[in-house]
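Colleague: Sequence:
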Amino acid sequence: MGARASFTVALCLLVLTAPASGQEWGAWHTAGPFDHPGGAGNIDAPQSVEKDLTRLRAGGPGLKPDVKLRGVGGARLEWQILPGSESVADVGEIRFRKILSPPKQTKRKNWWEHSVVYMHRTITVEEAMQVPIRCGSDDGLRLWLNGELLVDIAAGRALNPSNHILTFNLEAGVNHLLVKVANGGGEWGFQLVQREIGKIDQDAVHAAIDAGVEWLLRNQLIDGAWSVHPEYRAGPTAYAGYCLLKCGVRPEHPAIQRAHAYVLLHPSDFNYSAACELLFLCTLNRPQDRPAIQDRLDRMLDWQASAGLFTYPVHPGGGALAPDLSLTLYSALAMHACEVYGVEVPDRAWARTLDGALSCFEGVSRSGQARDQGAGFRYHDGRAITGSMTTAGLSVIDLVREGLDGKFPSGSRRRAQVASDAGLAWLHGKMNWHENPGQGGGHHYFWLYGVERVGSLLELDVLGGVPWYLDGAEYLLGAQEPNGAWRNGVDTILALLFLKRASVRVPVESGISLDLNRTRWVTTDTEASLSLVASLKSEMVVWVHEVHSAVRERLAWKDQTLRVQQVEYVATLGEDGAPFQLGVGRADPDQPADDQRYAAKGTLPEQGEWDIVARMHVLIEPVEEGAEPKVEILESLPLRVYAPDVISPDQLGYAAQGKDNLLTGVEINASTSSVQGGTKAAHVADQRLGTYWICS
415 MGARASFTVA LCLLVLTAPA SGQEWGAWHT AGPFDHPGGA GNIDAPQSVE KDLTRLRAGG
475 PGLKPDVKLR GVGGARLEWQ ILPGSESVAD VGEIRFRKIL SPPKQTKRKN WWEHSVVYMH
535 RTITVEEAMQ VPIRCGSDDG LRLWLNGELL VDIAAGRALN PSNHILTFNL EAGVNHLLVK
595 VANGGGEWGF QLVQREIGKI DQDAVHAAID AGVEWLLRNQ LIDGAWSVHP EYRAGPTAYA
655 GYCLLKCGVR PEHPAIQRAH AYVLLHPSDF NYSAACELLF LCTLNRPQDR PAIQDRLDRM
715 LDWQASAGLF TYPVHPGGGA LAPDLSLTLY SALAMHACEV YGVEVPDRAW ARTLDGALSC
775 FEGVSRSGQA RDQGAGFRYH DGRAITGSMT TAGLSVIDLV REGLDGKFPS GSRRRAQVAS
835 DAGLAWLHGK MNWHENPGQG GGHHYFWLYG VERVGSLLEL DVLGGVPWYL DGAEYLLGAQ
895 EPNGAWRNGV DTILALLFLK RASVRVPVES GISLDLNRTR WVTTDTEASL SLVASLKSEM
955 VVWVHEVHSA VRERLAWKDQ TLRVQQVEYV ATLGEDGAPF QLGVGRADPD QPADDQRYAA
1015 KGTLPEQGEW DIVARMHVLI EPVEEGAEPK VEILESLPLR VYAPDVISPD QLGYAAQGKD
1075 NLLTGVEINA STSSVQGGTK AAHVADQRLG TYWICS
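Heads up: the sequence shown runs through residues 415 to 1110, numbered per our numbering.
Hint data in this document are derived by calculation from the structure and do not stem from the laboratory.
These numbers come from a predicted model, not from an experiment.
Ideal placement from N, C-alpha and C gives every residue a C-beta, glycine not left out.
Don't take each hint at face value.
Unchecked claim - Label pairs and their calculated CB-CB ranges:
# : residue 1 : residue 2 : range
1 : E645      : K523      : 39 to 47 Å
2 : H842      : T940      : 51 to 59 Å
3 : P460      : L679      : 34 to 42 Å
4 : D615      : E1042     : 57 to 65 Å
5 : H842      : D458      : 18 to 26 Å
6 : E753      : P460      : 17 to 25 Å
7 : P497      : A459      : 54 to 62 Å
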């Protein structure tokens, strides 16, 4: 259904990956397309191929080669060998619309829609072994190894070869792999990759974090807010700001300053938002924010129910909802941030928070086998056990432990330990990256962030039997969109928090290879004719640090000085940008001085990476006395700098405009003659830049 930009390749261009020694991968055999009403959402509907599953057990004879198969429009199908796939584990992306023959008997123009294809291959090994694999599909996927169903996902999605992180338990001899890919429409593909255990491309992780940060920066509104869930007021803006800080964006960055101004001016009465505001303000760590932090903490603690869970207290959509573990998690994270900042949280609040979390634990039998039994957490009483809530419960227990200096209340100590052990045991066999265990696609990225939180807080390299960071990062690298985002604003924040390992108590250095935080740049080429230094303050200041000795010797006058008229500094944005004169450093050639730096300063007009080139106008000493000296222009190598937005008081003032609106606090009923899409008439006067109304 989906398509990742610039990733469609023909089989002749595929990069082939040979398997490890001791493994022999048979060629892929394909059969399709078959009619498949319901497309990707009907992945479990069997075709005749699946009648042979009993023949696909380890050491089995395999598929019947002469079986009669009927495909789309009743066309007769035979198993076809995929060219170039023999002895190769990874043949790259397999695009079925390219490799399958369009059926002649059908009148369907888009024959690939609501269709299914099967692929089969053998894997022969000399002795039993485990082979780490990752795979993905576009759209739905079923995958069997030796007749055992390992992947079963009915979803319309783009191809991400890290959708499923698996380990193939191969038996000595012949093993059978059968794959079924259903398509709803659009692109249609599959890829299987043999992966290396314990390795991740750290440069790729850095690049993904950089791209995600850039996407967040590009999508900040003029008033400092982000338009994600505007009904939560400053909460999403605070969460985005918190994420940027965790990713290493400096507190002085204009995006952080603008978000800070917005958060202070738009406090929320909703618990999620108040908690995110506390996370942001405490992480920003400005002493002058202490009153705002204390006020938000006091209000949040007032929203704690007697049983320990936190309330909204009013849902942004109107009405009231029951207290839940998700709110309680964010409240606990905010309480922890407050204590790190230096604002004390009462022990009673911590103890009640533990009681609330334990009330969402499903419990274990009294058989004494809690450590191995496995039991999870739910959103609140009456809801299902899910991965995201189990990681929430485990996180809250650990945060409470730290908040109480490692000592649980005597009445809760054993229950907390049992719940922690059982929650970790519950994760075994449920470490899916493509969905939230127990909830499918719901709160998918919240589950991924939950895995990071538990792994980092508990200082565990392995969760549920898998190396959680390596596998999760591999999935997220494949799921990132070309623009740097992951689906939407909230998912982008959660993905970045995972990749950055934001919950580690001692921050991990990764990401931000972009010069978002640097304020000083120096020419590093020791052979450059001119060495430059650039420094970013309120403006970009640049000067000549050094003239190469060989150049100085060649151009020096008899008194061993250089006679410089001026130095022009020209900046270019990106590869195709127009030259912009940043400034000119002027000099008096009749009064040369070795310590002159020919400095200039200016404001680069756009955010981004700029290349600054210096052009030094040097007078050449004339051979004949009294002759007019000629001019030689020395040009430096480009010095790449990063120019963030230069913020002004007027720009910070945008955050307050909503507060100055005379309609604030006035009940408004807006109506329009027509509405287009999901816009609403009420958006006309809701005082938010992120919402709008469009007529039809």
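Colleague: Indicate, hint by hint, whether the structure satisfies it.
Modeller: Hints versus structure:
1. E645 - K523: 39 to 47 Å: holds (43 Å)
2. H842 - T940: 51 to 59 Å: holds (55 Å)
3. P460 - L679: 34 to 42 Å: violated (59 Å)
4. D615 - E1042: 57 to 65 Å: Between D615 and E1042, where Cβ atoms are some 60 Å apart, the hint holds.
5. H842 - D458: 18 to 26 Å: With a Cβ separation near 25 Å, H842 and D458 satisfy 18 to 26 Å, so the hint holds.
6. E753 - P460: 17 to 25 Å: violated (56 Å)
7. P497 - A459: 54 to 62 Å: At 30 Å between Cβs, range violated.
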